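Please work from the sequences and hints to get the whole structure.
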Amino acid sequence: MNGLKGILVVVGLVAGVLSLATGIWQVPLQLGFVLTALLVLLLYWRLWPANPLVFSLCLAVLSTAGAWSSLHTLSLESLGVQYWSSVVLAWSVAWLFVEQLSDQHTLNRWLGTALRIVIPLVFGVWLLVLWEIFTRGMNVPQVLLPSPSLIADRFASSIPILWADFKQTFLKAVLIGYAMGCGAGFFVAILIDRSPFLQRGLLPVGNLVSALPIVGVAPIMVMWFGFDWPSKAAVVVVMTFFPMLVNTVSGLAAAGTMQKDLMKSYAANYWQTLFKLRLPEALPFIFNALKINSTLALIGAIVAEFFGTPIVGMGFRISTEVGRMNVDMVWAEIAVAALAGSLFYGLIALVERAMTFWHPSVRGRT
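Going by this note's numbering, the letters in the sequence shown line up with residues 2 to 367, in that order.
Just so you know, the hints here were simulated from the structure itself, not pulled from any lab data.
Small disclaimer: the values here were computed from a predicted structure and weren't measured.
No residue lacks a Cβ here, since even glycine has one placed at the ideal position from N, Cα and C.
Wrong hints could be hidden among the right ones.
Claimed, not checked - Distance condition first, Cα-Cα at most 25 Å in a straight line; then the derived DSS-like pairs of lysine-lysine: (1) K265 <-> K277; (2) K277 <-> K261; (3) K168 <-> K292; (4) K292 <-> K173; (5) K292 <-> K277.
To be verified - Taking CB as the label site, the calculated pair distances span: (6) F228 <-> I162: 14 to 22 Å; (7) I118 <-> V323: 39 to 47 Å; (8) G202 <-> Q273: 25 to 33 Å.
Right, here's the structure in full:
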């Protein structure tokens with residue numbers, strides 16, 4: 002930590018000297034931020050070496066001021082060395098802020114949850130800030146990489162189109178295919194567990210089928226089920242079936258020998274042992290498959306829409322807008338897909354924590 006603070010001070014001094022050398026009247030916000038950052042960091046270093054809360058609050062204020070200052074002066078016609086050096090300092094302060102938060106350890110459940118949310122949030126916001134600064138400050142062509150502000154404008158102006166695409170791809174193809182694929186994989190795993198023949202014969206075939214390329218499966222499903230969402234749901238079924246199958250079979254075999262012997266001593270039959278011992282032991286494996294499939298399903302549905310679909314859908318929109326060079330619309334669709342996939346994954350993770358609270362992996366996170 003001390004080494005990083007020393008680097009920050011050196012960068013700040015260089016930024017201040019460059020700002021003074023090029024004329025402080027041109028970019029007063031950057032110079033003010035540099036001098037304020039230097040003052041606060043030096044004061045902390047000398048006066049509060051054992052108070053992480055004060056340091057974290059100072060870094061939060063400075064990183065926010067640095068982001069606002071850097072974005073506010075992007076409209077200037079020429080951005081000199083002093084601007085980029087102050088951007089480096091602002092980013093370094095944000096980096097130190099995230100590192101300071103990551104070093105915090107607390108037994109308070111709510112504070113720990115807040116830290117787990119704030120750390121990636123600050124990191125993600127600063128990624129967007131640096132993206133905006135780079136694309137606008139370096140005059141990157143929009144067709145190569147549009148700025149987040151342009152993507153946000155297109156997102157706001159295209160909400161009806163994005164919502165229609167979301168309903169077609171996610172609410173129809175993804176959710177229906179996901180439920181069918183995961184459900185079928187789970188029930189077939191129960192059958193395989195009852196039959197050693199199926200376990201020896203079907204699992205190797207499942208591993209082979211799971212390796213099939215989606216770009217080869219999708220056109221076949223379109224030929225079988227038509228151009229609408231059922232063909233995309235069929236692709237999702239194929240992609241989600243075998244991860245659920247393999248994980249469930251592995252989970253059912255996770256119960257220990259002593260636990261099984263205990264159930265036998267209670268004269269429990271197969272189904273009683275399954276529901277009272279083996280399925281609870283398999284829940285971490287099952288939820289692992291559900292989380293993996295939540296991302297695979299969305300990817301599969303979007304890629305499947307590249308090979309024939311009605312004039313609606315996230316994959317259709319991405320493929321057509323790329324051809325029209327409307328890259329900002331493509332990024333808006335990517336943002337919707339990323340948000341939907343993240344929320345879907347997070348919802349499954351919350352259900353997992355509620356249903357497997359007894360498992361050591363979950364108890365260690367609470």
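Hint-by-hint comparison with the structure:
In summary, the hint linking K265 to K277 is supported, as the alpha carbons are separated by about 12 Å, within the 25 Å threshold. About 11 Å separates the Cα atoms of K277 and K261, which keeps this hinted pair within 25 Å; it holds. Distance check on the hinted pair: K168 and K292 sit about 21 Å apart at the alpha-carbon level, within 25 Å; holds. Between K292 and K173 the CA atoms are separated by roughly 19 Å; this keeps the pair inside 25 Å, and the hint holds.
Between K292 and K277 the alpha-carbon distance is near 24 Å, which keeps this suggested pair within the 25 Å criterion. Between F228 and I162 the C-beta distance comes to about 19 Å, which sits within the given range of 14 to 22 Å. A beta carbon spacing of about 34 Å between I118 and V323 contradicts the range 39 to 47 Å that was offered as a hint. Checked against the hint of 25 to 33 Å, the pair G202 and Q273 passes, with Cβ atoms roughly 28 Å apart.
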